[in-house]
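Below are the chains, spelled out letter by letter.
2 protein chains.
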Amino acid sequence: MKLVAGIDLGGTNTRVALVDEQGSITHQLQVPTHQYPVPNDLVQTISKWLRTGSLPPHAQLVGVGIGAPNGNYFTGTIDFAPNLKWPGSVPLAQMFADQLGVPVVLTNDAKAAALGEMHWGAAKHLKDFIFITLGTGLGCAIVANGQLIYGHDGLAGELGHITIFDNSDRVCGCGRKGCLETYASATGLVTTYRKALAAQAKDLQSEAAFDAAYIYQKALQGDAIAKQAFRFTASVLGRGLAIAATLTSPEKIFLYGGLTRAGSLLLGETAQSFEENLLPVYRNKIQIRCSSLPEDHAGVLGAAALIRQHIQNQSV
Amino acid sequence: MKLVAGIDLGGTNTRVALVDEQGSITHQLQVPTHQYPVPNDLVQTISKWLRTGSLPPHAQLVGVGIGAPNGNYFTGTIDFAPNLKWPGSVPLAQMFADQLGVPVVLTNDAKAAALGEMHWGAAKHLKDFIFITLGTGLGCAIVANGQLIYGHDGLAGELGHITIFDNSDRVCGCGRKGCLETYASATGLVTTYRKALAAQAKDLQSEAAFDAAYIYQKALQGDAIAKQAFRFTASVLGRGLAIAATLTSPEKIFLYGGLTRAGSLLLGETAQSFEENLLPVYRNKIQIRCSSLPEDHAGVLGAAALIRQHIQNQSV
Chain B
0 MKLVAGIDLG GTNTRVALVD EQGSITHQLQ VPTHQYPVPN DLVQTISKWL
50 RTGSLPPHAQ LVGVGIGAPN GNYFTGTIDF APNLKWPGSV PLAQMFADQL
100 GVPVVLTNDA KAAALGEMHW GAAKHLKDFI FITLGTGLGC AIVANGQLIY
150 GHDGLAGELG HITIFDNSDR VCGCGRKGCL ETYASATGLV TTYRKALAAQ
200 AKDLQSEAAF DAAYIYQKAL QGDAIAKQAF RFTASVLGRG LAIAATLTSP
250 EKIFLYGGLT RAGSLLLGET AQSFEENLLP VYRNKIQIRC SSLPEDHAGV
300 LGAAALIRQH IQNQSV
Chain E
0 MKLVAGIDLG GTNTRVALVD EQGSITHQLQ VPTHQYPVPN DLVQTISKWL
50 RTGSLPPHAQ LVGVGIGAPN GNYFTGTIDF APNLKWPGSV PLAQMFADQL
100 GVPVVLTNDA KAAALGEMHW GAAKHLKDFI FITLGTGLGC AIVANGQLIY
150 GHDGLAGELG HITIFDNSDR VCGCGRKGCL ETYASATGLV TTYRKALAAQ
200 AKDLQSEAAF DAAYIYQKAL QGDAIAKQAF RFTASVLGRG LAIAATLTSP
250 EKIFLYGGLT RAGSLLLGET AQSFEENLLP VYRNKIQIRC SSLPEDHAGV
300 LGAAALIRQH IQNQSV
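Quick mapping for you: the protein sequence lines, in order, are chains B and E. For the first sequence, numbering that gives the first Met the number 0 assigns the number 0 to the initial residue and increments by one for each residue that follows. For the second sequence, numbering that gives the first Met the number 0 assigns the number 0 to the initial residue and increments by one for each residue that follows.
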């Protein structure tokens, strides 16, 4: 049995899965990323697990795929990832290849998850779709003509960093102002809610620890400010998605990540704003859906799809 | 000798060229489009020319490519083109195929010109680039992974119709407000200049007939309002190009069409605004250039490239 390993490297946890040719996960490992301030220690831990103990009898590890924030497919490096606390550029693909002696391919987390949707999810028969991850930031992967768009430097798909409002006061992690992800992300939702509370002179101290999940609970309880924060977040998201759709005319757009747990609270307003902001000729043709992949598994399955595809291309 | 015909269908004129395998034009025809209120009459005129008189001895017409406003590659139709005065959907590819008995392929004018740049121009070795036409409107074709992006319905690349300003009062031909092409096009330049004159309470009557070429002449003569109108047009264009580049990360962006005759008056400010609006990681990596194809020939050469590519794909 030929297995691949899919690694989903996140700021908090790193998940590793051994995946067979049908996309079934045979074994899993989870390690806390932040306990590895030196990337090589994480590589050693995972490699050791992959070499010993995890492989069933008669099984062979034939490759490793990695999805990581700021991962670059062309160079196999993670470059200046603000959520990882590893400084500079980390040649992670090469580090794993040196340890394991099998092909290793790396890409960014949104692109990996899109590949997962394409190989083992609801995008199986789609040639043109967009995959959006809504977490701390907004990640995006664009598939056109059945292929991921990497661009000339591997960095295509940064929809989160288009300027969505003139004269915005929201400073983005990239150093500019008014980027889409300062509105349409878990962080953006929290900012919107916080601003709305402040505008009503509410006591922020008492709600100091809130996050997107808290705002969702408040909204479910009928809190007007929380509901309005969701509506505004969704309307800005819809506007951003309309821009992406105008450029690449996808058949579907998939949303993925923590914020999508809000379900219709997010989706309904997003779809409405999306349609309003579209060129008439595109209207009522493009579906916005939640990803069909389980939230815990999309990353590892996508990374596994990435290396499967690589091995297949090499053998042609 | 196997020749293809490239047809560049425009609102004012339609150009037809017979093109050999090296991209050389052997014969040309130009007819005034607006003198053909019924599309079939234009098809008859061009088909007659292609059948008789135009082909050299021992030459064979093996296919026809067409670039046209609102042309749809997937359906071979021109759909509701505001500049053509032909109502509804016109099945132009089928009409030519019926007349000539050879394969006919049609696409929109910007996509055809991009193919011309890719086959016979400065994009020959590029896998990722964007091609922009600046005329009455703003046309756009995106090439990624060496292929044109059509999207699921053939309508990808409508960069001219992304909303570029909040609360804009500029009404677009598509029925919405604030679209990029209401600013970054010959029409947009004229609007900007006209608004600036009005703001200074200048007499609009005396300058009633101005167009983009007139404003360019005024700018060359040092007219401050004309120069400022160009700067503003270019800065909005740069902002729009930055959005497109953020999504597809091209190696180069080519500008084409009447407005590019303004040369550095347009290019300099466009490039500066482009860089300012880019995510830092993309800066100083993406070149903005004028198309290398002669303005009169890009359309027919692009249409010829389209049919050559089609014939090649069929024979694989």
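Simulated from the structure, these hints should not be mistaken for lab results. Since this is a predicted model, take the numbers as computed values, not measurements. Among these hints, one or two may not hold up.
Copies of the same chain are indistinguishable here, so a pair counts whether it falls within one copy or spans any two.
Listed next, the in silico DMTMM-like pairs over lysine to aspartate or glutamate satisfying Cα-Cα at most 20 angstroms (straight line) [to be verified]:
id	residue 1	residue 2
1	K194	D210
2	K176	E274
3	K176	D165
4	K194	E250
5	K251	D97
6	K126	D165
7	K251	E268
Hints, verified against the model:
In this assembly of identical chains, K194 and D210 lie within 20 angstroms of each other by CA distance solely inside one copy; the values are 14 angstroms within and 46 angstroms between copies. Taking CA atoms no more than 20 angstroms apart as the test, K176 paired with E274 passes between copies only; the shortest distance there is 15 angstroms, against 26 angstroms inside one copy. With identical chains, the CA atoms of K176 and D165 are at most 20 angstroms apart both within one copy (9 angstroms) and between copies (15 angstroms). Taking identical chains as interchangeable, the C-alpha atoms of K194 and E250 are never at most 20 angstroms apart, the minima being 36 angstroms within one chain and 40 angstroms between chains.
For a Cα distance limit of 20 angstroms, the shortest separation of K251 from D97 qualifies neither inside one copy, at 39 angstroms, nor across copies, at 36 angstroms. Taking the shortest alpha-carbon separations for K126 and D165, neither the intra-copy value of 34 angstroms nor the inter-copy value of 33 angstroms comes in at or below 20 angstroms. Taking identical chains as interchangeable, the C-alpha atoms of K251 and E268 lie at most 20 angstroms apart only when both belong to the same chain, with a minimum of 17 angstroms there against 36 angstroms between chains.
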